[in-house]
Amino acid sequence: MAKGLPKRSEDYSLWYNELVKRADLAENSPVRGCMIIKPYGYSIWEKMQAAIDKMFKDTGHSNAYFPLFIPKSYLSKEADHVEGFAKECAVVTHYRLKNDEGGQGVVVDPEAKLEEELIVRPTSETVIWNTYKNWIQSYRDLPILVNQWANVVRWEMRTRLFLRTAEFLWQEGHTAHATREEAMEETLKMMGVYATFAEEFMAVPVLRGVKTESERFAGADDTYCIEALMQDGKALQAGTSHFLGQNFARAFDVKFADQNGNLEHVWGTSWGVTTRLMGALVMVHSDDDGLVLPPKLAPIQVVIVPIYKGEDERAKISEQALKLKEELEARGLSVKYDDRDTQKPGWKFAEYELKGVPVRLAMGPRDLENGTVEVARRDTKEKQVVAIDQVVDTAEALMTEIQQNLFNRSLQFREANTHQVDTYEEFKEVLDKQGGFVRAHWDGTAETEDRIKEETKATIRCIELDRKEEDGVCIYSGKPSKGRVVFAKAY
Numbered sequence: 077m078a079k080g081l082p083k084r085s086e087d088y089s090l091w092y093n094e095l096v097k098r099a100d101l102a103e104n105s106p107v108r109g110c111m112i113i114k115p116y117g118y119s120i121w122e123k124m125q126a127a128i129d130k131m132f133k134d135t136g137h138s139n140a141y142f143p144l145f146i147p148k149s150y151l152s153k154e155a156d157h158v159e160g161f162a163k164e165c166a167v168v169t170h171y172r173l174k175n176d177e178g179g180q181g182v183v184v185d186p187e188a189k190l191e192e193e194l195i196v197r198p199t200s201e202t203v204i205w206n207t208y209k210n211w212i213q214s215y216r217d218l219p220i221l222v223n224q225w226a227n228v229v230r231w232e233m234r235t236r237l238f239l240r241t242a243e244f245l246w247q248e249g250h251t252a253h254a255t256r257e258e259a260m261e262e263t264l265k266m267m268g269v270y271a272t273f274a275e276e277f278m279a280v281p282v283l284r285g286v287k288t289e290s291e292r293f294a295g296a297d298d299t300y301c302i303e304a305l306m307q308d309g310k311a312l313q314a315g316t317s318h319f320l321g322q323n324f325a326r327a328f329d330v331k332f333a334d335q336n337g338n339l340e341h342v343w344g345t346s347w348g349v350t351t352r353l354m355g356a357l358v359m360v361h362s363d364d365d366g367l368v369l370p371p372k373l374a375p376i377q378v379v380i381v382p383i384y385k386g387e388d389e390r391a392k393i394s395e396q397a398l399k400l401k402e403e404l405e406a407r408g409l410s411v412k413y414d415d416r417d418t419q420k421p422g423w424k425f426a427e428y429e430l431k432g433v434p435v436r437l438a439m440g441p442r443d444l445e446n447g448t449v450e451v452a453r454r455d456t457k458e459k460q461v462v463a464i465d466q467v468v469d470t471a472e473a474l475m476t477e478i479q480q481n482l483f484n485r486s487l488q489f490r491e492a493n494t495h496q497v498d499t500y501e502e503f504k505e506v507l508d509k510q511g512g513f514v515r516a517h518w519d520g521t522a523e524t525e526d527r528i529k530e531e532t533k534a535t536i537r538c539i540e541l542d543r544k545e546e547d548g549v550c551i552y553s554g555k556p557s558k559g560r561v562v563f564a565k566a567y
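Residue numbers (the numbering used here): 77 to 567.
Everything labelled a hint here was simulated from the structure, so no lab data went into it. Since we're looking at a predicted model, the values are computed, not measured. Cβ atoms here follow ideal geometry from the backbone N, Cα and C, with glycine treated the same way. It is possible that some hints are incorrect.
Said to hold, decoys possible - Derived DEER-like restraints, expressed as beta-carbon distance ranges:
1. Q419 to A140: 42 to 52 Å
2. E103 to G554: 42 to 52 Å
3. D217 to K459: 54 to 64 Å
4. N338 to L190: 35 to 45 Å
5. D156 to K265: 20 to 30 Å
6. Q466 to R216: 53 to 63 Å
7. N175 to E523: 54 to 64 Å
8. Y141 to N338: 30 to 40 Å
9. Y215 to R527: 41 to 51 Å
10. D217 to K265: 12 to 22 Å
11. E103 to E191: 31 to 41 Å
To be verified - With a straight-line Cα cutoff of 25 Å, these simulated BS3-like cross-link-like pairs (lysine-lysine) come out:
12. K555 to K529
13. K310 to K533
14. K123 to K97
15. K153 to K209
16. K310 to K504
17. K97 to K412
18. K385 to K412
19. K123 to K401
20. K529 to K504
21. K123 to K412
22. K533 to K509
23. K385 to K420
24. K544 to K265
25. K529 to K310
26. K392 to K412
27. K133 to K123
28. K420 to K97
29. K558 to K544
Use the sequences and the hints to build the structure in full.
As structure tokens, then:
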């Protein structure tokens, strides 16, 4: 199980890759850069989906589905957008195969060339705004609040399971509005939804902010984001919400008649989170013994492991354990009773520790005699012996306690690894020796931003929404600055 798992302190990257594989979350696929999400990993993604989807619907959004393929001409209509994604696009040029005349399998039929190439969607703004042109004529048709759960392809050359793959799963929201104010309100609202999900479900504290012009989404006027800090001191962008202005409405000529009969271009937003949230979940909470999962997203919240010798003991313990399982499930907990006789209890303990199950209950003949159960929690590894009639209440209380503890622990880590610097030398020293978030003054120019990135590999993660305006001097150029921004090395 976790035996032989690399230590985080020795090789964080190897630890992460091995843990994802050993905990049965995902594995590499035969297609370079793509991944196979295994059942245990996918069940975590499903819990994420369910929670986020409910939050979308609670804020008035509906799900739809749009095509996987986008005509090449659509991407040409918004100049910034096509420039931003051109290098990552997978292109379909033919629609048929045929048997090779030399008996070497199948080949592309040269006679089956498409009149117009199709792009495998890297994101869906273009095909959706082309659709919205048919859906919107009047102010009465607005707002449109649509989301889709889908897969996308961005032809990444350097990939890592969950964090960066050529194909990944995500949701993408696309909304259309009558006014700038309404679209901006939507953009900020959805960033808030993502932040709430990250903190309340993933137990991951995040910074909320706006991206610099260099880092914003291709085709957007502004990109808002949530940023999380991993245990190795690197940042991870955990969600983005884009204020599109009227850019895509102009590109696809999407207009509406307002209440006075005047034709106006529609205002838009788009926003999304991806399966890279799975990577964040692993990297923020887990340890050298395996996954540590917050109870709200754990596929198995409680596992019951019986300890017995012989069928008589097994039958007696099973009767009590199954009754306990039923009572726990009645409280809304997901419970597994593992009575496999192919593995010893110690092996099972290690397995569920590796898989991050929040609470483990162990029952042996002595427990049955004494009317007790051993209760172990994954986050702190503390154990306690609890009277059997108190186990259900204890397990239920631990769900809340563990969820909160993981958030508090992550928040303390972030605070301990957030630094404020005033000179470039100090900036470089902190990045090299400690990492983490670094708040520093910046002169607001793309040139300075690019030079810092080139020299240190650190990027501006965001300009925090709640930052204090203060006069200062840019750490790099010495030019005036209106406030600090957050730098970090990132995934």
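Verification of the supplied hints:
no., hint, in the structure
1, Q419 to A140: 42 to 52 Å, "holds, 46 Å"
2, E103 to G554: 42 to 52 Å, "holds, 50 Å"
3, D217 to K459: 54 to 64 Å, "holds, 60 Å"
4, N338 to L190: 35 to 45 Å, "holds, 40 Å"
5, D156 to K265: 20 to 30 Å, "holds, 24 Å"
6, Q466 to R216: 53 to 63 Å, "holds, 59 Å"
7, N175 to E523: 54 to 64 Å, "holds, 57 Å"
8, Y141 to N338: 30 to 40 Å, "holds, 33 Å"
9, Y215 to R527: 41 to 51 Å, "holds, 47 Å"
10, D217 to K265: 12 to 22 Å, "holds, 20 Å"
11, E103 to E191: 31 to 41 Å, "holds, 39 Å"
12, K555 to K529, "holds, 18 Å"
13, K310 to K533, "holds, 11 Å"
14, K123 to K97, "holds, 20 Å"
15, K153 to K209, "holds, 14 Å"
16, K310 to K504, "holds, 14 Å"
17, K97 to K412, "holds, 22 Å"
18, K385 to K412, "holds, 21 Å"
19, K123 to K401, "holds, 21 Å"
20, K529 to K504, "holds, 11 Å"
21, K123 to K412, "holds, 17 Å"
22, K533 to K509, "holds, 14 Å"
23, K385 to K420, "holds, 11 Å"
24, K544 to K265, "holds, 22 Å"
25, K529 to K310, "holds, 14 Å"
26, K392 to K412, "holds, 18 Å"
27, K133 to K123, "holds, 16 Å"
28, K420 to K97, "holds, 23 Å"
29, K558 to K544, "holds, 9 Å"
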